[in-house]
Amino acid sequence: MQLPRFDFLQPRSLQEACSILREGNGKVSVLAGGTAFMVALRSRLHTPSAVISTKALSELSYIREASDGGLVIGAMTTLEALENSPLVANGYAVLGQAARFVGVPPIRHVATVGGNLCLDTRCIFYNQSEFWRKARPDCFKLGGDVCHAIDKGRRCLAVYQGDLAPALVALGARVRIVGVSGEKVIPLTQFYTGNGEKPNVLEPGDILAEVQIPPSSGNTWGGYEKLRVREGMDFPLAGVAVSIKTNANGAIDQARLVLGAVAPSPLEVPEATELLVGQKLTDSLLESVAQKAYDRARPVANLAVDASYRRKMVRVLVKRAIGRAVSGNG
Amino acid sequence: MNKIPVSLNVNGREENLEIPPHKTLLEVIRDDLNLTGTKCGCEDGTCGTCTVLLDGAAVRSCLLLAAEVQGHEIVTIEGLADGERLHPVQQAIVNHGGVQCGFCTPGMILSAKALLDKQPSPTESVVRQAISGNLCRCTGYTKIVESIMALSGQPVSS
Ligand SMILES: Cc1cc2nc3c(=O)[nH]c(=O)nc-3n(C[C@H](O)[C@H](O)[C@H](O)COP(=O)(O)OP(=O)(O)OC[C@H]3O[C@@H](n4cnc5c(N)ncnc54)[C@H](O)[C@@H]3O)c2cc1C
Ligand code: FES
Ligand code: FES
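Line by line, the protein sequences give chains F and Z. Residue numbering for the first sequence follows the working numbering, beginning at 1 and increasing consecutively. Residue numbering for the second sequence follows the working numbering, beginning at 1001 and increasing consecutively.
So that you can see chain F by itself, here it is in the shape it has in the complex (with noise of 0.2 Å):
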C-alpha cells in the first residue's frame, strides 16, 4: 500500500527544522530513521501534510566524551553506530547491549537514538491497518473514548516499547530538547509521561536533540533482557535493564533497575536498590529483587502476548540480567 500523500522537506540545520515543525503545529512531522514511522504512516496512523527528514542532519551524529567525563550522544546517531562504540562498551554496557537487541542489523543501520526515544506507544488494537481499526469504535489513542485492552478502561496504556530508554533510565540519562524558543535538559524519567495517548512531553517545534549519561566509574556493570515473540528480531514484550556499581570489597555501591515495556514509559524500581545497596549479591538477595520488579510490573492484555506471562517474565529476566552484569559479560 502506497504511503498517504505529504511534502518532503530536508532541512539544512537543527534550528531549520525546528522552526518548520513550529509553523506545522502539529501537521509536520519528523522522520529520522523512519523504521518506525514509516510503518505508522503507511498505516494512516499518522498523516502530515509534510514529513521532515533529519537524515542529513550530520551535526546530529556523535558519540563524545563530555567534559565531565560522561557521554554525549547525538539523537541521529544510528543504533550500529552505537552498538559498535568502544566508548559506550567502556563503561556504559547495558545501553550497547539495548541497542543490539532492537530489531535486525538493516534496521540498526539507519534506526536512531533519537527515534527510539520518541518511540511512540504501541498497542494490539492501535498498531493495525486502517481497515483493521476500522471495524471497531475508535480507541482512547485514536480520540476515541474506549480501551479495547481493558473491560471498562478508563485511560490508554499504550506500551513504550523502545529497548534504549530502560537502559538509558538505568545509568541516570538526561535529554537535551531544542526548540524555537531555546533548549532544556530534562531526566530522561521526565521526558515520559506515564499516558499511553501522548507518551513524551515533546511539543511541536520541539527535536530531541542529544542525550547526556552522567560519568560511570570503572567498577559499574550493565546487563539487559527482553522477552520477544522471535529472538531474530522483535519489540520488547517485557524488558530489563540494570546498572551496578561494585565498591573494592565487591559490595553493591550504586544500583538502579528498569523494566521496558510493560507500561506507556519506562519504569524503575526504586525497591531493588533499596535491596541491593550496601549488599553483595546472592541467590536470596536475587530472589527477593526479582519478587519487587515482579511486584512493580502491571502489563495489561494490550500485547501479541499473554500478561500475565510477561509479567512471570520479569521475574526471570530481572536475574538473568543481573546475572549477566556481574558476569561482566556486557
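Hints in this document: simulated from the structure, not taken from any laboratory. Predicted, not measured: the structure shown is a model, and the values here were computed from it. Glycine is no exception: its CB is placed at the ideal position from the N, C-alpha and C atoms. Check before you lean on any hint, since a few could be wrong.
Said to hold, decoys possible - Label pairs and their computed distance ranges (CB to CB):
#, chain 1, residue 1, chain 2, residue 2, range
1, F, 181, Z, 1119, 46 to 54 Å
2, F, 187, Z, 1154, 45 to 53 Å
3, F, 1, Z, 1120, 37 to 45 Å
4, Z, 1137, F, 187, 39 to 47 Å
5, F, 128, Z, 1100, 25 to 33 Å
Stated by the list, open to error - Over the 10 Å line for every Cβ pair with chain Z, so calculated as not near, a few chain F residues:
#, residue
6, 7
7, 43
8, 143
9, 215
10, 268
11, 319
Start from chain F and add chain Z with the ligands according to the hints.
For chain Z with the ligands alone, kept in the frame of chain F given last:
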C-alpha cells in the same frame, strides 16, 4: 499530483526522475526503474525481501523514501552479475541449493554480500546474524548458511 525531481544512482547509473515525494525507494526501484528483482513482501520492515545496498550496507527499501537517498549509491540484485557471470554469492547459492521459491533470495544475497565485503571470513554465527533480517519460508536456512559459509571458508557447525 505534486512531483519533485529526484536523482538516484542505482547500479552505477544516474536516474533522473520526477516522482511524488511520498514514494518509497522500493516503489521507485520496482515501478519506475522496472528492477523487479527487489521484492515487496510485508512493507512494514519485517521480511527483508526489499533489501538493497545503500553505500554498501544492507537496508530495507520499503522504509526509505526515494527522495532521502539522493547522492547515495544504491545497488539492487540486478547490479551484481557481470554480464552472464554471476556474482560469487549468487553462484554459491546456486551451487549449494540455497534457492527454493526464490522470493527471499535477492535480499538474502545482498545481505550476504554486504557482510562479506566488510568481513570476508565470517564465522557461522556472524553469518546468521547478518541474514537474521531476511525471512525465508522455504529452505529452513541451512542451505543458505552453507552457501555463504562456502565463501567464508570457515567451518559450519552442523
Ligand atoms: C521489524 C522491526 C523491528 C523492530 N524492533 C525493535 C526493537 O526490537 N526494539 C525497539 O526499540 N524498536 C524496534 N523497532 C522500531 C524502530 O526500528 C526503532 O525503535 C528505531 O530506533 C526508531 O528510530 P528511527 O530513527 O527509525 O525513528 P523514526 O521512525 O524516524 O521516528 C520514530 C518517532 O520518533 C519521532 N522522532 C524521531 N527522531 C526524533 C527527534 N530527534 N526528535 C523528536 N522526534 C523524533 C518521529 O517523528 C516518530 O514519531 C523495530 C522496527 C521494525 C520495522
Ligand atoms: S517489504 Fe521491506 S521488509 Fe518486507
Ligand atoms: S526460498 Fe522461498 S522464501 Fe526463501
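Tested hints:
no., hint, verdict
1, F:181 with Z:1119: 46 to 54 Å, "holds, 47 Å"
2, F:187 with Z:1154: 45 to 53 Å, "holds, 46 Å"
3, F:1 with Z:1120: 37 to 45 Å, "holds, 40 Å"
4, Z:1137 with F:187: 39 to 47 Å, "holds, 45 Å"
5, F:128 with Z:1100: 25 to 33 Å, "holds, 31 Å"
6, 7, "violated, 6 Å"
7, 43, "violated, 8 Å"
8, 143, "holds, 23 Å"
9, 215, "holds, 32 Å"
10, 268, "holds, 30 Å"
11, 319, "holds, 25 Å"
The structure shown violates the earlier hints numbered 6 and 7.
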